[in-house]
Every structure is written in C-alpha cells, then in structure tokens.
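Chemist: Using mature numbering (1 follows the signal peptide of the UniProt record, and there is no 0), the letters of the sequence shown map in sequence onto residues -29 to -1, 1 to 516.
Misleading hints may appear alongside valid ones.
Said to hold, decoys possible - Cβ pair distances, simulated, as ranges:
hint : residue 1 : residue 2 : range
1    : Lys258    : Gln470    : 21 to 29 Å
2    : Ser111    : Lys18     : 29 to 37 Å
3    : Thr63     : Asp103    : 26 to 34 Å
4    : Lys442    : Gly201    : 21 to 29 Å
5    : Ser80     : Arg497    : 53 to 61 Å
6    : Ser102    : Ala463    : 20 to 28 Å
7    : Thr82     : Gln299    : 35 to 43 Å
8    : Lys358    : Ser435    : 41 to 49 Å
9    : Asp495    : Ala139    : 32 to 40 Å
10   : Gly174    : His220    : 54 to 62 Å
11   : Lys358    : Thr494    : 54 to 62 Å
Derived from the structure by calculation, the hints contain no laboratory data. Beta carbons: idealized from backbone N, C-alpha and C, even for Gly.
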Amino acid sequence: MTSDGVSRRTLLGAAGAAGLAALAGPALGGCSTKAGSGGATASAKVKLPTYTPFAGGEPDLPGSAQGLDPGYLSFPKNAKASVSAAPGKGGTVTSLTYGETQLPPAEGSNTYWQQLNKRLGVEHLKVRIGSDDYPTVFNSMVAGDNLPDLVWVAPNQGLQHIAELAQAKFVDLTPHLSGDKVLKYPNLANIQEYAWKTAVINGRIWGVAVPYGTFGQVYKVNTKLWEPVGGAVFHDATEFLDKCKQITHAKSNRYALENGQYTLQNCLHMVGEWHGVPNGWRSSGGKLTYYIETDEYEAALEFVVKLYKAGVFFPDPKMSNPDDKMAQGAVAAAVASFPGYLGSPRTVKYPVGAIVPFGYDGKAKPTFDLGYGSVGFTAIRASGNDKRVEQLLGILDYLAAPFGSAERNFLLYGTEGTHYRLDAHGNPQLTTKGQTETLLSGPLQFLANCPEYLYTPSNARFTSDTYALEKKLLAIAQPNPTSGHYSDTNTAKGPTLSQLYSDFVADVVQGRKPISALKQLRTDWRNGGGDKIRHEFEQSIAKDS
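Produce the entire structure from the sequences given, and follow the hints as far as they go.
Modeler: Structure (structure tokens):
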C-alpha cells in the first residue's frame, strides 16, 4: 500500500527504535490500562461483534478471520458502495485523534475536507490532531470536561484510569455493537473479532475498535547482502551465527545486524521466537508463566550474548534509521514492525525480504508473536441522546469503509481528477493538491479504519511474496493469552518493570552482568509487582473462560 497518501502504516510503520520496542509483545507483557478496582475483571464475558466480511472489492488473495491479510495484485476496479446514505444529520461533529505528519490545510481551504463533510452528512467535522503530546492533550480535555464527540483511546499509551473514565464519560456501546447488533454498521462488522478485544473493559464494549495488522515484529533483510552466504534462510541458530560472521567485515564497514536504542531487546525478541519463548505469557491449567521465567528465555538470552561477542552488530548504538545503512550495504538485517515491513517498497532502496522464524536447534518448533490487531478504540462522549450515538456510529462506519469500496477510495485518494489520477496501470497517483489536502486521511485512520490489506502499486510480486510470508508466519503464530485483559498493577508498575527488563538485557549482553543475574531479575520482577500482575490477569482470564 504505497500510494495512499499519508496512511497509518506511514505513521506507525516508520516508527523508530522506541516505537518498535513499544510494539514488541514480550517487551511489554500486556496492554497496560488502568481499570480501577474492577481492572482484574475487565474481560468478563461479552459477545463480541459478529464478524461479517465485506462482500465487495474481491481480493486476488483472500484474507481470513484469523488475520491473513487479503492481497490485491492490482487496484480494485468497479468499486462498490459500502454505505447506503450519508450517516450524519447536519451540525458539527468534533473529534480527537492522532497524527505525526504535516498538518493538512484547514477545513475552509481544503476541498477534500469539505467533500468529506458532505459525504458524512455534517456541516463540519472538527478534527483535533495530537502527536507526541497526545496524552497531555487527552488528559487536559478530561480535566477540563471538554471531551469531543469522538475520542481515540489507546490503552497502552500512558492514558490512565480508562475504566473509570469510560464509565463516567463515554457511551456503553454494547447494546449497539454486541453480536449481530453490529450488522447495522456493515463496515464495523467487517472488523475481525480479535481487534475488538481492546475495546472491552469490565465486560462492556466502550468504543469502536481501530484495527491494525495483527502481525508482530520481523527481521527485515537486504536480500542482496545475504545472497553470497546462501540467503536469509537458516536450519538452526548456529547457521544464523555463522552467516552473520561471514557477512560482517569491519574494514568494509559491513555488519550483519543493526544497532540502536532497543536493538538488543528486539534481537532477543526475534531469537526468543526461535526458542519458543511465549508471547508475553504462557497459559497452562489456568496459571500464567511470564516469559522471563522460562528456560527458553534464558537460552535465547545466551545466544544473543554469543551474537554480541561475535561482533556482528553495527558498532554505532545511536543508529536512528537502519534503512539508510541497509541501502548503503552497511547493515544486512534490522528488526521492523510488520506494517513498517509492508511499507518498504515506498521507503527503501534495496531488495527487501524477511526471516521466517526457525527452530534454534533445527528440531524445536519456532513461534511467531502476534500483536493485538488494534491500536485502541474510538469512544463516543456520553450525551444521553441515542439518536446522536447512532449517527456517530454511522460516521465511524463510513470511516471504516473497506479497501475496494467507493468510500475507501475517497478516504485514501479524494476525488479523481482533483486529488488523484490513474496511471497507465490503473493505480491512483495523488496530484500536488491531493498530496496536501488528503493529509487528513492519516489522522482519520486513528478514529476508524478498515482491516489491514496488501496492495503495492506496480509491485504485485511484493504483494504475493508478503501474502506467502504471512501464511508461513500464521502457521507458527501465538497470541498473547492476556490480550483483551487488563491489570491495574500492570498500568501502575508496568513502565518501571519494562525499564528493569530493558536495562538487564543491555547489561547482560554487553558483559556488565553475568547471565546468572537472571535469577535476581525474576525475583525483582515478582516482588516489584509481577506476581500481582499475574494474579490479576489469571482472575480476568478465569472469569472469561
């Protein structure tokens, strides 16, 4: 998907090292939403919205309810409408969303925005866009009791007391969206069930899930640099180490692996998949084991120490953009979020591939860690007006229009002839006007969006290769068993425990502490809140089983 203006893939997929660490499942240990006294029961049973795929825009490569993304080898023709009428009833709709790109032209001078208002059936859609200051803006609005109609809520981005806030300020959408009730909003019904879990707090649906690719991190590679050593495929971890050594040549300023703020932690995440480290937690018989408590984690840590001692990491730990070094031939592999990998054809200048996890000894079954499949949810401010709620849900339904629909075409590209033109291959290409006015599209995708899809203009090979990669990854995929569950203590203590883990990995891998220090880390984690987090998650899971 490389000609869609400013997509959410651009905003999140191009995240730096800190962003990657935030996306890594095991590095976080679960979504950290403050849920007050009821947090441990956050996932009490609720019937999730019934998943009903969009009937139009047939992909060349079909997706699945489990998260396999549909693939389009060319831009869909004869787009079908996914809504029957403009959902709004006039007036003004206000919203708070997220974005970190150049701001679009203001509504009064933006024909794309004006046309969007008309399509939504409103006089004005007011959009407040926060970026790095989003938590501050959000909390300020809460404190001032001036929340807008639509509010993007990201439970794992430092927002506190979400459960109490939801009950006090937001509309309980369970009567509107649970089960078959969602079918009134077909584009919302097109969102897979796993994405809805982050919108469930204390057994109620408090917002419209904002879907995001469910695939986690991968080792992205410059395939050309791996060709001399037989390619980026491996029988076992020993072969991986050997190939890394062969690629690395300090005098030529060429190294197998990247370096950066969270490189060692992300590398350990990748190596952990080869060893079968659980995705955050291992659930067995109603009991949870944290990933750092497993033998597999210790073995993976030992291997990363070997990699570091072998000198295969790029020597500058302040590397900010590994893609530049990979294009220069200085780095052969770097950990990337999967959305970042999908955006590679637009952003990188080297042949891109990915490493499929393999058994560390050639026999053990590897795993692949899935993400949450969501970047949060959009809540509706409580007003006591059910008709207003239905209108706002209709607006979110429009904004969630699936790829291949007439509405999604407009949301991504605007109006043909004004904002985009079709190239010789039938792919939309934004005009100069479109490149600026449709900048609004990116922030809108944090209010509501369609599920992930695969479409790379004029590069059908990358689409088909990525589809094949996803099938391999899904075959070994493991979800985090605490996905959709909340722990009060995890919100309060999670950041401190994550820093404890991060510092420990750096100290051990770089030789400042022995691997035997893992015993103390486990003790510190348990005493520092880990055991309480475990108990709260176990309680929540038990009530949902």
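Chemist: For every hint, state whether the structure bears it out.
Modeler: Comparing the hints with the structure gives:
1. Lys258 with Gln470: 21 to 29 Å: 26 Å, holds
2. Ser111 with Lys18: 29 to 37 Å: Given range 29 to 37 Å: holds, Cβ gap about 35 Å.
3. Thr63 with Asp103: 26 to 34 Å: 27 Å, holds
4. Lys442 with Gly201: 21 to 29 Å: 23 Å, holds
5. Ser80 with Arg497: 53 to 61 Å: 58 Å, holds
6. Ser102 with Ala463: 20 to 28 Å: 26 Å, holds
7. Thr82 with Gln299: 35 to 43 Å: The hint (35 to 43 Å, Cβ to Cβ) holds, given that threonine 82 and glutamine 299 are roughly 41 Å apart.
8. Lys358 with Ser435: 41 to 49 Å: Cβ of lysine 358 to Cβ of serine 435: about 46 Å, so the range 41 to 49 Å holds.
9. Asp495 with Ala139: 32 to 40 Å: 36 Å Cβ-Cβ, so the 32 to 40 Å window holds.
10. Gly174 with His220: 54 to 62 Å: Between glycine 174 and histidine 220, where Cβ atoms are some 58 Å apart, the hint holds.
11. Lys358 with Thr494: 54 to 62 Å: 56 Å, holds
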